[in-house]
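There are 2 protein chains.
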Amino acid sequence: MYYELDNGITAPQGFLTAGVHCGIKKAKKDLALIYSAVPAVAAAVFTTNRVVAAPVMVDKIQLGKTHGIQAIVINSGNANACTGERGLNDAWTVLRATARSLGISEDSVLVSSTGVIGQYLPMGKILVGVDQAVPALGTEGSADAAYAIMTTDTFPKQAALRVPLEGTEVTIGAIAKGSGMIAPNMATMLAFVTSDAAIAPEILQHALRQAADRSFNRISVDGDTSTNDMVVMLANGLANNRPITSVQGASYQQFYAAMEYLLVKLAKMVVVDGEGATKLVEVRVVGAPNEETAVRAARSIANSNLVKTAIHGEDANWGRVLAALGYSGISFDAEQVEISFGHVPILRKKYVIDFSEEDAKEVLRQKDITITVALNLGSAEASFWTCDLSKEYVAINANYRS
Amino acid sequence: MYYELDNGITAPQGFLTAGVHCGIKKAKKDLALIYSAVPAVAAAVFTTNRVVAAPVMVDKIQLGKTHGIQAIVINSGNANACTGERGLNDAWTVLRATARSLGISEDSVLVSSTGVIGQYLPMGKILVGVDQAVPALGTEGSADAAYAIMTTDTFPKQAALRVPLEGTEVTIGAIAKGSGMIAPNMATMLAFVTSDAAIAPEILQHALRQAADRSFNRISVDGDTSTNDMVVMLANGLANNRPITSVQGASYQQFYAAMEYLLVKLAKMVVVDGEGATKLVEVRVVGAPNEETAVRAARSIANSNLVKTAIHGEDANWGRVLAALGYSGISFDAEQVEISFGHVPILRKKYVIDFSEEDAKEVLRQKDITITVALNLGSAEASFWTCDLSKEYVAINANYRS
Chain A
2 MYYELDNGIT APQGFLTAGV HCGIKKAKKD LALIYSAVPA VAAAVFTTNR
52 VVAAPVMVDK IQLGKTHGIQ AIVINSGNAN ACTGERGLND AWTVLRATAR
102 SLGISEDSVL VSSTGVIGQY LPMGKILVGV DQAVPALGTE GSADAAYAIM
152 TTDTFPKQAA LRVPLEGTEV TIGAIAKGSG MIAPNMATML AFVTSDAAIA
202 PEILQHALRQ AADRSFNRIS VDGDTSTNDM VVMLANGLAN NRPITSVQGA
252 SYQQFYAAME YLLVKLAKMV VVDGEGATKL VEVRVVGAPN EETAVRAARS
302 IANSNLVKTA IHGEDANWGR VLAALGYSGI SFDAEQVEIS FGHVPILRKK
352 YVIDFSEEDA KEVLRQKDIT ITVALNLGSA EASFWTCDLS KEYVAINANY
402 RS
Chain B
2 MYYELDNGIT APQGFLTAGV HCGIKKAKKD LALIYSAVPA VAAAVFTTNR
52 VVAAPVMVDK IQLGKTHGIQ AIVINSGNAN ACTGERGLND AWTVLRATAR
102 SLGISEDSVL VSSTGVIGQY LPMGKILVGV DQAVPALGTE GSADAAYAIM
152 TTDTFPKQAA LRVPLEGTEV TIGAIAKGSG MIAPNMATML AFVTSDAAIA
202 PEILQHALRQ AADRSFNRIS VDGDTSTNDM VVMLANGLAN NRPITSVQGA
252 SYQQFYAAME YLLVKLAKMV VVDGEGATKL VEVRVVGAPN EETAVRAARS
302 IANSNLVKTA IHGEDANWGR VLAALGYSGI SFDAEQVEIS FGHVPILRKK
352 YVIDFSEEDA KEVLRQKDIT ITVALNLGSA EASFWTCDLS KEYVAINANY
402 RS
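Each protein sequence line maps, in turn, to chains A and B. Counting in our numbering, the first sequence runs from 2 upward without gaps. Counting in our numbering, the second sequence runs from 2 upward without gaps.
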């Protein structure tokens, strides 16, 4: 549908990135830098956790001053969360060093961290890392940056695509990290999105809010949310499209649709890489009275440990799906509910169950499984993505700090 | 504190029970009968799941007619949930057969089921079971009944105690089953409580509601709630105490305190027997502005897969506790929070962390662990009980139906 490109956040014009190893982690790149040749319009969404890491506090202050952002510096291996006054000072120091090294205004830099909570940043290493990253900036650096922000992720996540827009073209790219519980507590969900589109700041913020709600906020590895989660988008205008200044009209719609598509793609990568995940599960609730109800129902099913273990065991245990729907808090008539696993109808109206275990098993043997739940109450729908719950998940999380 | 007795729900005067094998399950007792020599005042709390099993619907109708109940018939192995009209008819048929066999009024019988969802009751077997259970009734049958209601539980759960009351004595006994996710979807949380106390129906209902809220509603194996959960209490008055007719006064307070103590004891047994559990974890939130806030905070921490896997790995990962507090939805100041594991202070105010990993490890090596979280906002507190999350949990739930 879209023309997809290889080079992630450096696909849009004017973006340079780097990923270097500064020694926070033993043998893995652990510091990423994203730079735009010109100040870019910025938008961001942050964790809703009441416990907020230092970089999140700093970025909220930065974005309160201006939406013109030119660089983002990100470290993995240490979350700089629950570090009090000293953690805040550390975040500001990293930010200022980055501005100095790049020769840009301090007001145009954002900072981000992911990793272990409650330990102070190893400042010496990070400041050396910043100085290494600046000369390493390049248009081929997206994969390095995607790699440098990883924690327990097993593969780097990036994607980019081109959107035709009123006779011209804009490009959108993104990198993300997740794992843990998507929105893991140690392992934080981070995503950075770049574009060369010309777009007004409030329109970009509106688009990012909605696209994040329909992608990263609709995935779940284990339902926990982190102190450090953030999605930041920069749009530098170098595509020279007629600026998007309203949510009305075709150009916004086209740009937004592409953005949502890209973010959903990244979000699904995050789920696939969920700790211990062996299957990607889409929970699709249809026939809902409104989107909010559909999301609530889908989330409840996707977060159920019992559903997730059943999928892991390739067991068509529709009773667990129905029970999770039952405690989701939405109103529905259980006798009207229909459930399918893949293309196989499992539960029909009035509790009629008549399916071949063979057919169900064939669906559940796949790596990519859709559970469709029809409420038969309206015409709204929503999807939520999750993974199965495996013994590996337990093994990874029982000893994360070690 | 209380004089504890051995024989569970037959400890109070006038109660007889039986547990028999009627063939729903291959080789395990699967049908229990509880009988009071005289009609008893009944109280009950039921699942809040929107999907409600047939026996729950039937019992709500029964209790709407009268609070004089003389028998409860319970089967394991089949939940009679999501079975529509036919399931309802089956539940009524079991209830009527029990009344007939005992020679008592149909209006004085309750029915309960636990097991697999979406399959019809094997009526032939159950009706034979009822006829076997009636002559088997006896004052030594509590353990048999506790055994007969088990599904994936690994041990039967019963307890009883004697309460001095204004110069006389009343006795309270209980059996319970849980496992799965305490309030498991297939494995349902059931508890049956008997007493020879004389108490007014509305006072008994009030007491049961509150005691259940502070015991079975404060445990979690995996956060799922079932279609079949119920706690039913019968009080037959044979102790000849001066009837408890008000929540004011010492006799209600003494009776209630003993009841809460007994139900918490049973609830903890359910957690200890949680699928794959190797540790009992009490999450105690203190210094809350009110009890509701304390419960909400404690529940969020107790339900976190990340906290539960960390405990399983004997890892003093206080960051996960704080993160779960952060998304609980309560208001608090993170810098004021203190966290202890057992007697070892881990996190102090203003994020001061200064503890010996050795001391923490020693606490976490125990089978019985208390995590205390001080909000330093007020004087209310609440406990929530959970277990660790192990690979065994995944193994059990990946293949429940098989």
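One or more hints might be untrue.
The list makes no distinction among identical chains, and a pair is therefore deemed to hold if it is satisfied within one copy or across any two copies.
[Said to hold, decoys possible] The calculated lysine-lysine pairs, modelled on BS3-like cross-linking and capped at a C-alpha distance of 30 Å, are: (1) K362 / K26; (2) K362 / K392; (3) K61 / K350; (4) K350 / K266.
It is worth saying that the hints were derived from the structure and are not from the lab.
Hints violated by the structure (numbers, ascending): Those not satisfied come down to hint 4.
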